[in-house]
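Visitor: In case you want the letters, here they are:
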Amino acid sequence: MTAFSFNLSDFVFVWWGLLYEAFPFVALGALLSGVVERCLSRETVARFFPRNHWLGILASGCLGLIFPMCECGVVPVVRRLMRKGVPVSAGITYLLASPIVNPLVIVSTTVAFGGRAGWLIAGLRAACGFVVAAIVGLVVWKFVGERSVLLSKHADADDAGHTREHGGSVIRDVLATAAMDFLQIGAMLVFGAGIAALINSGFSRAAMEPFASNPWTAVTGMMGLAVALNLCSEADAFVAASFYAFPLAAKLAFLVLGPMLDVKLLVMYSAVFRPRAIVAISGLVALLVLLIGVTGYVWLPMMGMGGL
Amino acid sequence: MWEVVALTVLALFLACAAWTGRVRFFVASLYVWLPPTAAVLLFAMAVARALQLRGNRGESCCDEAHAPAPKAQLFYALIILIPIVAAVSVDPRQFSPDGMRKRRAASIVRDAALDRAMNWALGMRTAGARPAEAVLPPEPTLYEIINAVEAGHKENLTGRFVTVIGQCSLRDGASDRFELYRMVVTCCVADATAVSLDVVRPDGAKIEPGQWVRVGGVIKFDDSANPQQPVIHATIVTMIPTPHNPYL
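Sequence lines, in order, name chains A and B. The working numbering numbers the first residue of the first sequence as 1 and each following residue consecutively. The working numbering numbers the first residue of the second sequence as 1 and each following residue consecutively.
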């Protein structure tokens with residue numbers, strides 16, 4: 001069987017599979033974004049968000065445990081929060097961490113791998129996701145510059161004193177704002193999911209097997225697969241678990257990278273970040289995950305998890 | 001105004017898909033409530049946006065300052081409508097046989113003797129010591145049969161008569177047997193993984209690729225290429241309609 005072949009019916013089937021699953025979460029995210037826009041002022045954000053940058057980034061990395069969001073729904077929410085004064089570095093940390101450091105994903109990973117090994121792998125996945133997201137947040141804060149990563153219309157948006165007079169009811173304003181957010185992010189989702197479906201429906205999983213024997217090809221192969229398959233973070237562990245030939249280090253790279261970086265997310269990020277920033281953030285995330293995956297061949301056996 | 005049109009059409013499409021039961025072919029049964037929920041949300045958004053546009057005629061609201069330009073709105077609206085056109089024209093309900101083959105799960109290669117030795121060494125009861133009834137339910141799924149084999153119950157399964165349902169895929173160059181498969185879906189069809197077993201077909205049984213069938217037969221481990229792989233020797237193959245929940 002060839003590694004890649006196109007079938008229109010399979011393509012549309014997977015495309016709509018992704019859209020049926022993701023549209024509700026993007027709609028929910030847009031709704032939350034509307035609530036943030038209408039009900040949350042910059043002053044409120046400033047009052048409740050930690051003033052200490054370090055603390056803000058670390059807290060954002062764990063926020064998914066209390067406010068779990070999937071990778072599609074989180075994009076409009078973070079975009080709006082950053083416009084409301086949440087530091088960009090903290091926003092990016094939450095954006096990257098919440099689809100992994102998230103009770104639903106921890107439970108689904110545990111179930112997928114089963115038993116005690118499941119809990120260990122779920123814990124490792126959450127810890128690695130947190131570390132990668134926090135490092136990217138810190139790099140954005142210290143080296144890249146908070147405002148330079150945002151698209152100019154978001155960076156320049158000044159919502160100061162935005163407890164403004166709205167003409168209509170709260171519900172109408174929230175929903176109307178959500179409509180505009182959904183239109184833009186939803187269109188990005190459709191485009192990204194289209195590319196994702198093209199790869200997902202055309203690619204044969206059996207083509208991955210030859211990559212399993214070498215640490216470098218195994219880790220980079222599984223990373224490439226995570227970017228290409230565009231799976232929901234609640235389901236990806238079940239797919240990862242079915243790659244029996246691959247060692248845990250490569251599966252871990254798949255599980256950490258997928259929710260942070262895939263084709264559909266890259267397109268959706270373009271509604272928030274500048275292209276250069278997307279390249280920089282993606283590059284850093286990929287590099288850190290590669291490091292975790294390749295060194296995992298050493299530290300996972302040291303932790304007694306080499307045989308998993 | 002384009003955003004109102006796009007959101008309304010999308011909401012109607014999602015509501016229709018939920019109403020006609022089409023959604024269950026695309027997402028796991030646990031999540032079939034998601035698209036109708038999205039339809040309600042999107043319709044409410046479209047109505048609110050239409051009311052806001054009517055109320056703000058001639059005024060410039062700060063929301064409008066953040067909103068995309070009209071041309072961009074039209075562009076986004078058109079992108080959102082493209083998959084609807086594709087779904088209406090193609091109307092897929094299942095993977096093609098080739099699409100299924102791309103999604104096959106690799107089977108675990110186990111050494112039963114080594115498993116027994118490990119179980120003995122660890123002081124565990126060997127898997128094979130379980131009574132036959134406990135290994136499989138009366139009407140097992142393909143997944144349960146494969147799991148039972150992988151758990152080391154080969155001896156208990158040998159010679160057992162089972163009735164399973166699944167879809168057919170023809171094997172190249174093997175006219176006496178076909179592949180019976182089911183898709184395991186956790187969230188949506190993007191994560192679908194195919195699990196399958198070989199079936200030796202009874203004389204005269206006609207098989208169509210992708211057709212749903214109920215197979216009754218005896219489990220044997222007589223595949224010369226892979227003796228660990230169960231094969232169902234079918235005595236009866238009946239065509240059935242697509243089950244309400246097509247995925248495991």
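Because the hints were derived from the structure by calculation, they are not lab data. Keep in mind that a hint or two might mislead.
[Unchecked claim] If you want a taste of the chain A side facing chain B, the calculated C-beta under 7 Å gives, among others: (1) Trp16; (2) Ala176; (3) Gln184; (4) Val239; (5) Ser242.
Note that this is a predicted model, so its numbers are computed, not measured. By construction, the Cβ of each residue, glycine as well, lies at the ideal position given by its N, Cα and C atoms.
Visitor: Going through the earlier hints one by one, which of them does the structure break, listed in rising order?
Guide: Hint check: nothing fails, all pass.
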